[in-house]
Amino acid sequence: MAKPEKIRIGDLLVQEKIISQEQLREALEVHRKSGRRIGRVLVEAMFVSEDQISEALSRQLNIPFVNLKQFNFNVALARRLPEVQARRFRALVLEERPQGYLVALADPTDLFAYDEISRILKREIDLAVVSESLLLESFDRVYRRTDEITTLARALGDDLGEVVDFGALGAGAEDAPVVKLLQSVFEDAVQVKASDVHIEPMEDVLQIRFRIDGNLQLQTEADKKISAALVQRVKLTAGLDISEKRLPQDGRFGVKARGEQVDVRISTMPTQHGESIAMRLLLRSSGVQHLDGIGMPAHILDRFRSVLQRYSGMVLVTGPTGSGKTTTLYAALDEINTVEKKIITVEDPIEYRLRGLNQVQVNDKIDLSFSRVLRSALRQDPDIILVGEMRDSETAQIGLRAAITGHMVLSSLHTRDAASTPVRLVDMGAPPYMVASSLQAVIAQRLIRLVCESCAEPYEPTPHELHWLRASGVAAGVPLQLKHGRGCQRCNGTGFRGRTGLYEMLEMDMALVELISRNDPAGFMRAAAAQMAGRTLRNHAADLVAAGKAIAAEAMRYGAEEEDEV
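Numbering (our numbering), first residue to last: 700 to 1265.
Careful, some of the hints might be misleading.
[What the hints assert, rightly or not] Simulated restraints on C-beta separations:
| no. | residue 1 | residue 2 | range |
| --- | --- | --- | --- |
| 1 | Glu721 | Arg822 | 17 to 27 Å |
| 2 | Glu794 | Arg818 | 53 to 63 Å |
| 3 | Glu943 | Gly1222 | 48 to 58 Å |
| 4 | Glu1039 | Arg1217 | 35 to 45 Å |
Hints listed in this document are in silico derivations from the structure and should not be mistaken for laboratory results.
Beta carbons: idealized from backbone N, C-alpha and C, even for Gly.
Build out the structure end to end from the sequences listed, making use of the hints.
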């Protein structure tokens, strides 16, 4: 194939009437000031999409446009181009051909990249054009550190033999194999957006697993004899007692991986075959999501926003651990965070950082508890208070009193649904009149996995699934667009990619206030169920299934939860 010709992207897009001359002038002005490529400037200004640029280049250069969402590439083949060069030139090897390779480029007019890639691969190359954002995602799947982690684990096992030299693993041993292994684990975890890392000694192997989109996936298995060295290093880093192996311990530390600052929360647990470690990863750069982007249905979103504009009262977000409660609370704070309002948060740990907030980290070791910080926070003249979790009766009552005395209080609670939350507060010891006069609304939520868009395909529901959908409020006349993922490289063969929230909302009206103030839990639950009829977690899940965004087998779990509660 002949070398690509140099093309002025802006002129090509004007020529094809995709953008106007005025839009090009604006983009060129930004390009001159910032130095960013003109294509990227146009995309960021929303004058054009990446696919439109790629398709225009495809037509002009007479080369194929490849949609990487649908392309299942060979990882071993792609790795023939080293990661450094692949990321530098925005290039990916797609196919091996008799005369050479088919190589995807984000910018197929880059003559220098063409020459360098041909030199590295030592073969002729044919070009294809791809969207840059999908190409960057593909790099994270191709250049995983699984092999590196396995190799380092094996090397560490060889170094240690049967005896672990803990003295060599002190705080300054940056080049020790165990440090390299852990660094590679964190690098890979951040790359695949894992929320947790589990290091678990089994009877004959050490198992390392990542939690991705809510489900655990095996990362690697290693020789069990390296387990003690890994646990030793993690405990040293977190400042835990390395001599204590019989009791659970909790701690935290920071690590830098792939240019990201990561807060790591760790928990150790003595098991039959050694100490197991669970590590929760919190990226400091993780931006706070907006309420519009967390999957909340419009009928709930409008009511929730209305409640948030009130001057006082308590709003609770409920659900099990890992259901996205903190994400929802911070999306709410982002909505109401203005320079006129003083906002104090009391958390353990601080998961997000938001400009303009006074954030306090709870520390039980020095008796800096939720209740103690909350009392002090009330003397700081706040308008809005976020309490990370209502853990006990004392914290709940202080929060309710704050809501009564003119503050907006946001918090979370571990309950299964919205209707049972006010009753749970009373069970915790909060006076019914206080719950009645303070609580404004309760949001209950879960997270459900989304069908991978790249490999989604239609399927026929089973009679059981169809019955569940109709029983969950999907009207008989509504056309079903059921889909499931067959498994591809973008979803690591799981058929799922990403998660979204399921929501229900209970707003305290006069009837509910009266019932809870009389401490009538049975009557309250009946009235709450009537208010939320057709708008429960189960209904929301069924709507996502009917739209082809989730699968029935996952959504039916929420129906089973409701049936268990009856």
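Among the hints numbered above, which are violated by the structure, and what are their numbers in rising order?
-> 1 and 2
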